[in-house]
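Going down the list, the sequences are from chains S and A. Per numbering that gives the first Met the number 0, residue 0 is the first one in the first sequence, and the count goes up by one each step. Per numbering that gives the first Met the number 0, residue 0 is the first one in the second sequence, and the count goes up by one each step.
For the record, the hints were derived by calculation from the structure and aren't laboratory data. Some hints here could point you the wrong way.
[Unchecked claim] Distance condition first, Cα-Cα at most 30 Å in a straight line; then the derived DSS-like pairs of lysine-lysine:
#, chain 1, residue 1, chain 2, residue 2
1, S, 87, A, 127
2, S, 140, A, 96
3, S, 112, A, 127
[Stated by the list, open to error] Some chain S residues well away from chain A (every beta-carbon gap over 12 Å; in silico):
#, residue
4, 15
5, 23
6, 63
7, 83
8, 86
9, 117
10, 123
11, 147
12, 153
Using N, Cα and C, we set each Cβ at its ideal position, and we do this for glycine too.
One-letter residues, chain by chain:
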Amino acid sequence: MGNAAKEQATAEVKLEMTSMIDVTFLLLIFFMCTIKFKILEGKLQTYLPKDVGVNATPAQEMLQKVDIRIIRTATRDKLDLDDKDTFKKWRDRGWSESEIEIYFQTERIASLKELGRQLKELRKTVPAPVNPGPEDEDDLKMNLEAMAGCIYEDIVHVVDIALDAKFTSITFRGIDLDA
Amino acid sequence: MSKARDEMMAGVDLNMTPMIDIVFQLIIFFMIVIDMSQKDLEALELPQSQKAIEDEAEEGRLYVNINRGGDYILRMQPLSLNDLEVQLKLRVDAPMKDGSRTRDAQDLAVRPILIRADRASEFKHVQKVMYVCGKEGIKIWKVNLAAAQVAAEDDAATAPK
């Protein structure tokens, strides 16, 4: 009799795990829903000109200007991706958001790779500054003109190529703020 | 004696209510903390760049997000360009955490700015933010453009054609 009562009492002392498991699962679901995998986010470091207004320094003759113009010709969202050729073309472009035409000086360039090659050729004639800055300016000045409709991704690709060719002075041509 | 022991044993049960309370408090805490840390960074698809350098947040940096539709978003708040200008003017001269000066000897802002634009947003919006940064009363010259870094093995696959 005594033994049976003791066994019964011991059997009653048990942890009620259900609630804890419920809460744990709630937490798990919560963190699964809210977690954001860290994207390797980087930056392109740029500096705006410090001097405002007319620059008192006379223009140097030796500076060589490189004009790049980008015109957007197509956008991905308006493509017929059921068309095999279009699909293949866009897939080969890495599913870029748009298609662009690039003009180097006044000449149409076939691709970004070709632009990179030409910029590197040009760079061979004018050495890049060792320590780019106000004291050691780049004699090659790039003017980048993004025509209306150009998207940020296109510009980043062109800037990438310019940086690869060791261009350190890139100017974005002004825009009409009302446009 | 045996009865008293039985009673004592029967009373040993765990009260789960405080634990659940604490767990819920923890959930609320994490929800608030996560919200706070994400306020500056809008969920955007950044363009991939092979030349982007590792981003280390500098002291007092400001963030402007631009989504696909061309909205300027400052701390989760969509703003017009004029409102953005007003907000930047207010924030650029807000005291630094360490008490240091907010402007240098040339009256240029010490704070840098990070422009985070969606890969498909029009570049003119980025240019407009740059234009605002150069305005009197703001004068931010350290302007960084956000881009997703391309891992070495992905270079060939993502290289623009």
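Comparing the hints with the structure gives:
1. For the given pair, residue 87(S) sits about 35 Å from residue 127(A) by alpha-carbon distance, which is inconsistent with the 30 Å threshold.
2. Using a Cα cut-off of 30 Å, the hinted pair residue 140(S) and residue 96(A) is violated, with the two alpha carbons roughly 38 Å apart.
3. Between residue 112(S) and residue 127(A), the direct Cα distance comes to roughly 29 Å. Compliance with the 30 Å bound is thereby established for this hinted pair.
4. Look at residue 15(S): its CB is around 6 Å from the nearest CB on chain A, not clear of 12 Å, so calling it non-interface is violated.
5. Not every CB of chain A lies more than 12 Å from the CB of residue 23(S), the least distance being 8 Å, so the non-interface label is violated.
6. Non-interface status of residue 63(S) relative to chain A is upheld: no Cβ of that chain comes within 12 Å, the nearest being about 22 Å off.
7. Its beta-carbon lying about 18 Å from the closest one in chain A, residue 83(S) satisfies the requirement of being farther than 12 Å from that chain.
8. For residue 86(S), the requirement that its beta carbon stay farther than 12 Å from each beta carbon of chain A is met, with the minimum near 15 Å.
9. For residue 117(S), the shortest C-beta to C-beta distance to chain A comes to about 15 Å, beyond the 12 Å cut-off, and the non-interface label holds.
10. Look at residue 123(S): its CB is around 20 Å from the nearest CB on chain A, clear of 12 Å, so calling it non-interface holds up.
11. At roughly 7 Å from the closest C-beta of chain A, the C-beta of residue 147(S) falls inside 12 Å, breaking its exclusion from the interface.
12. The beta carbon of residue 153(S) sits about 7 Å from the closest Cβ of chain A, which is not more than 12 Å, so the claim that it is off the interface is violated.
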